[in-house]
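Use these hints to put chains B, C, D, E and F onto chain A, whose structure you have.
Protein chains in written order, with numbering that gives the first Met the number 0: chain A, 0 to 236; chain B, 0 to 236; chain C, 0 to 236; chain D, 0 to 236; chain E, 0 to 236; chain F, 0 to 236.
Don't take every hint at face value.
Unchecked claim - Derived DSBU-like pairs (lysine-lysine); straight-line CA-CA distance at most 30 Å: (1) B:K201 x B:K136; (2) B:K32 x B:K136; (3) A:K201 x C:K87; (4) B:K87 x E:K87; (5) D:K87 x F:K201; (6) A:K87 x F:K201; (7) B:K201 x F:K201.
As the list claims (entries may be wrong) - Quick list of simulated restraints, FRET-style, between CB atoms: (8) E:N137 x C:Y129: 34 to 40 Å; (9) A:E142 x E:E210: 53 to 59 Å; (10) A:E142 x B:T45: 44 to 50 Å; (11) B:G30 x C:Y129: 42 to 48 Å; (12) F:D50 x B:E210: 30 to 36 Å.
Source of the hints: derived by calculation from the structure; they are not laboratory data. Ideal placement from N, C-alpha and C gives every residue a C-beta, glycine not left out.
6 protein chains.
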Amino acid sequence: MAENSLLAFGAHPDDIEFGCGGVIARETQAGRKAHFVICSKGEAGTNGTPDQRANESSEAAKILGATVEFLELDGDSHLEMRVAHKIKLAEIIRREKPSTVLATSCVENQHPDHARLGQLVRDAARMARYGGLEELKNYDVHEIEQLFYYAVTPDGEPTDVMPVLIDISASEVIAAWTSAMLAHGSQGATRNYLDLQLTRAKLLGARARVEYASALYPNESLVFQSLSQVGRGARNF
Amino acid sequence: MAENSLLAFGAHPDDIEFGCGGVIARETQAGRKAHFVICSKGEAGTNGTPDQRANESSEAAKILGATVEFLELDGDSHLEMRVAHKIKLAEIIRREKPSTVLATSCVENQHPDHARLGQLVRDAARMARYGGLEELKNYDVHEIEQLFYYAVTPDGEPTDVMPVLIDISASEVIAAWTSAMLAHGSQGATRNYLDLQLTRAKLLGARARVEYASALYPNESLVFQSLSQVGRGARNF
Amino acid sequence: MAENSLLAFGAHPDDIEFGCGGVIARETQAGRKAHFVICSKGEAGTNGTPDQRANESSEAAKILGATVEFLELDGDSHLEMRVAHKIKLAEIIRREKPSTVLATSCVENQHPDHARLGQLVRDAARMARYGGLEELKNYDVHEIEQLFYYAVTPDGEPTDVMPVLIDISASEVIAAWTSAMLAHGSQGATRNYLDLQLTRAKLLGARARVEYASALYPNESLVFQSLSQVGRGARNF
Amino acid sequence: MAENSLLAFGAHPDDIEFGCGGVIARETQAGRKAHFVICSKGEAGTNGTPDQRANESSEAAKILGATVEFLELDGDSHLEMRVAHKIKLAEIIRREKPSTVLATSCVENQHPDHARLGQLVRDAARMARYGGLEELKNYDVHEIEQLFYYAVTPDGEPTDVMPVLIDISASEVIAAWTSAMLAHGSQGATRNYLDLQLTRAKLLGARARVEYASALYPNESLVFQSLSQVGRGARNF
Amino acid sequence: MAENSLLAFGAHPDDIEFGCGGVIARETQAGRKAHFVICSKGEAGTNGTPDQRANESSEAAKILGATVEFLELDGDSHLEMRVAHKIKLAEIIRREKPSTVLATSCVENQHPDHARLGQLVRDAARMARYGGLEELKNYDVHEIEQLFYYAVTPDGEPTDVMPVLIDISASEVIAAWTSAMLAHGSQGATRNYLDLQLTRAKLLGARARVEYASALYPNESLVFQSLSQVGRGARNF
Amino acid sequence: MAENSLLAFGAHPDDIEFGCGGVIARETQAGRKAHFVICSKGEAGTNGTPDQRANESSEAAKILGATVEFLELDGDSHLEMRVAHKIKLAEIIRREKPSTVLATSCVENQHPDHARLGQLVRDAARMARYGGLEELKNYDVHEIEQLFYYAVTPDGEPTDVMPVLIDISASEVIAAWTSAMLAHGSQGATRNYLDLQLTRAKLLGARARVEYASALYPNESLVFQSLSQVGRGARNF
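Next up, chain A with everything else stripped away, as it sits in the complex (with noise of 0.2 Å):
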């Protein structure tokens, strides 16, 4: 992967393009690479088969300028902490060598594939650094610079870290990451979904004194070589 490159992880086929998929548009449209890791094929949902799904998130993956893999771990709503997806996981950012990684964030909310997920791919991110991992002896330890999770939904949003706020105001961000929420036309709720997010982003783009944010969580704190590169303070209304 390019350097600089974004990967992001998604429990179901929609996760990413529902959950960050305004930033993902802002960062390739400026020049970043992405790619997506799908964990899933959304099998246990109401509608669409594995096979719509999947072609649903690769046309949607095309749209926001990132490329997509799906990645068989327990299948949909049956997601475990294992160690053994932890080292798939890794071994895909050694692979991919990404500078920022994005996943599904680790608190409890409507999909428990959300948290566990966030929680592995924590781990992960971690693993892939580490020197002696036999299972991982096939590509080099990697060490990335970021790792942001997002919310599918507000009842997954921490309410314990302050997110940064990314804007994603320009008209072709947010018309790019609508394309993609619509791709998924498999899903009967879609528009519903699609109506959703683009409120959430205009709330939070209130806060933030543009006119739509879209909100990450990061991991840890952030380091910055000089105050004077921090992002200015929301502080609206």
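Chains B, C, D, E and F alone, transformed into the frame defined by chain A:
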């Protein structure tokens, strides 16, 4: 005040130096302007006359490349939450037009004035942008970009806010910071304090994978134009 | 005041309308009495004279089916924690004998008066039932049934208290709420605020599986005669 | 199961009785149906054979007006977070179609099975409404109305969630609850536990201004059609 | 005051007795000196004249083996955060030279004076050791060993600080505590309060594996010369 | 094991030494017995063979006056939450009969095994006292007195639990601790780790008003026979 300038508030003559002197040195050495407002002359301290302490502060500010002024509120150890104080502080913010404001954290710690001053500055930063305040009519409304808190000692560090870590490892930064702390010679325990602060910075540096780092606690979420502007995560050990 | 009545406190002429106007409309349309106490005339705001703003408040209250009075405490942006204020607020509680009291939340947010007023009302509600307070001897002791906080803007929402969500989807409720917000015409940004509030209510509605919902934050645990009286959980998406 | 019914899960034969038996009695005496699912026979306890304990549970359930079944998961003290368990629990939820589900709290406490079971039930309640789960195809999707946690002992009480307090003061409620606890006669310490639970209920009652109260911890925000349906606040002393 | 002595502050005539009377009895019966400072005569209460209440306090203190004085601050229910109060309280600390200070907790609860007094005592304990405070020049600087908070009622118990639990099971301790609570005979509800407090102590005792225990909340981390001096953990049920 | 003995668990060969070696030295030099259980041979680390690391551990334990054993669970970086592990750990607790147990903290940090081991030991300590566990029938039930967590690095320090601080300033304690850390010579970064740990201890010492201190985090409230046995508060600066 020049664009992109810093305005730092301290409750006592040495709060700024001990609590965030390294960051100040880092920024002024990179060309930013800085101004200190010190809200007592430390007259409740065991050692040093008010005059001595004011002189030491002036000396320390000079070393850190900052200008300094003294503000009379209620006197050392006597600070109360009064709107009249907020007005005075807001007036200074309007006059100085800083982009960044630094204040002692709002966490209760070994000196009651610290948390009180943090709260007063927070409110003052808000009032600086309200249009209809009669007492502030002499100055134009001013909206700051960022409000950060610093902790004079470890017990003032908020535990519920993830700090941003600023790399202050450059030898000229550490040298200026050290000199500024030593300028407070009337304080018998200065040597120990100096040691304490360098120890804190070294420990934080270890977390941030640099030699020395200093922690600032944002008052609200930080907004970035793009994810690539966000600092890297402090992941180490 | 009639039995089962509501008493709402606001720090500025539009706090109640923007923060919980939908709930007020819901309740008054169902026959409950409501009374507003507004603790300044917004004289520190950029737009609108005190007289204009008082008129707008009266108009908005009428739309929401509530009566209104203005209370002079320290003036807009000048509110301090004084026992004298608590006495005044407790006196109103004794006079109005509400079952439910609503106040701005105690969480620090973009306007310092909001959290202060929440704290004052909380203490006043307690003092309203102390038998021996000389200054309150003109009124009988009164014990309210519930104290809820509302958040004028999202940054005033407590993150450590689970809110109760009130369904305000009925079209006549939304219509009255919208009109009441629009009654504050002197405020240049009213349109944006209206938008912000409807967006918040829509997002909460999505969580509560209704069209629009509003969040109230209880000051203490809620007591029910039986579990079957407790509302259903907001589980969605 | 009848409309508006309760489904309560316990990790051991006496968890439900000790943790929320008073609430169960209150509801069944008012005509609601209740069913207990007990996920071990307490075979790791010091006293009582599995058979004895199952008999005691059946007797206690009868006293509380509930039906009961035993579910074999990993055995007493051996409970692990397995998706297979969630499937079993979700199947029961689909079969019983309860409006309210009760489970041991997710807070770590003196018995590891308690928190584990709370987490399993939480996920099961979500899975009960996912349309595409193959293993659950024999039953229709079911969406519960409420998920509440109870704490078997005080160290399992969440400190970050405000409980709802249910008035269980009626003498016939206390009588049934007491009998149900005493039904667990094989447990040497039953008397002390009984005492402990009545003491807890009395202390909570003092807060709620009734004789005895029991605390339930909602898994998510509660939604009400109107504010007047929300219980009164527990404000006392 | 003698070495190793206790200084307890209460906002009203019965706060100390109800909130931590058992601990006081335990310590004085073991030979420690104790002194009470009561910061109002309960003049806002429904029952009892100030004179009656002062007499009851003196009687209760005698039963607990403590001396007592009354301090006039702002009067019952009128306590404000004033530096002048802190000075008075600090002066008493310097005069009495206690090793341990006890005060009402800083958690908001059913009486506003309680949290306020806790905050004032906390700051006073700090000011007692500042060398340069003019108003305190008549007394030598004094550094206390420990500051603990007690909760008059359960809603004043901090939920974010782990208490230390003191065994107060000895029958002569419970007897003295009970008598001291009963000494406040003018209070109509004394019987209920007594009951409430013994119930709390019994429940805590169950957690601590003793008959009765009382909880104190340390203001800061506790320092021990060795791990073997640290009390055993409260693990029970 | 002798009365009043310590049992410390580490996930890797150097966890105990780096995380709480100073406390161990303090206690063994005062005559307490200590035993280490190390749950992997660090085989996923970059440097050092399993044999080398086991030798280093044995050497370090000897320096700290402790005995040591190695326990095979899932291997370095592979630790999962399995009941089978808890049984093994509980068996060791029953066999060793320690009064105090020390384990890595349950806070997620730079190594996933640390938090996992803390959780396993916590549950094992409970299971050690359950009478009916078949797998543990070979050993008598044992109830420990205290469970404390230590943090291998600062990111493993709980922020929601107040630690107890142990004075480890004695020069022979620091000498033994330093030697024990240096015994892990295969680890290239040992020097830096040593430095980090001494820096942490020095900073904590400054808070505790001693030269060096170490923090232990209690798993539950601590019980004392009398208030005079409770350590003094760490109040400094």
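*Has the given pair, K87 (chain A) with K201 (chain F), been kept, meaning a C-alpha gap of at most 30 Å?*
41 Å, violated
*Between K201 (chain A) and K87 (chain C), is the straight-line Cα distance small enough, at 30 Å or below?*
40 Å, violated
_30 Å Cα cutoff - pair K201 (chain B), K136 (chain B)_ = Given pair K201 (chain B), K136 (chain B) is violated - Cα atoms ~45 Å apart, limit 30 Å.
*Could you see if the CB distance from D50 (chain F) to E210 (chain B) stays within 30 to 36 Å?*
The hinted range 30 to 36 Å holds for D50 (chain F) and E210 (chain B), with Cβ atoms some 35 Å apart.
*Is 53 to 59 Å right for how far apart the beta carbons of E142 (chain A) and E210 (chain E) are?*
56 Å, holds
*Is it true that G30 (chain B) and Y129 (chain C) lie within 42 to 48 Å of each other by Cβ?*
60 Å, violated
*asked:* Against the 30 Å threshold, does the CA-CA distance of K32 (chain B) and K136 (chain B) hold or violate the hint?
replied: 25 Å, holds
*Regarding the pair K87 (chain B) and K87 (chain E), is the alpha-carbon distance no greater than 30 Å?*
28 Å, holds
*Taking 30 Å as the top limit, are the C-alpha atoms of K87 (chain D) and K201 (chain F) close enough?*
Outside the cut-off at roughly 53 Å; violated.
*asked:* Assuming the hint says 44 to 50 Å, is it satisfied by the Cβ distance from E142 (chain A) to T45 (chain B) or not?
replied: Holds: the Cβ-Cβ distance is about 48 Å, inside 44 to 50 Å.
*Does the alpha-carbon distance linking K201 (chain B) and K201 (chain F) stay inside the 30 Å limit?*
With a Cα-Cα distance of about 12 Å, the restraint between K201 (chain B) and K201 (chain F) holds, given a limit of 30 Å.
*Range agreement (Cβ of Y129 (chain C) with Cβ of N137 (chain E), hint 34 to 40 Å)*: Taking Cβ atoms as reference, N137 (chain E) and Y129 (chain C) lie about 36 Å apart, which means the hint holds.
Consistency note: the structure conflicts with the earlier hints numbered 1, 3, 5, 6, 11.
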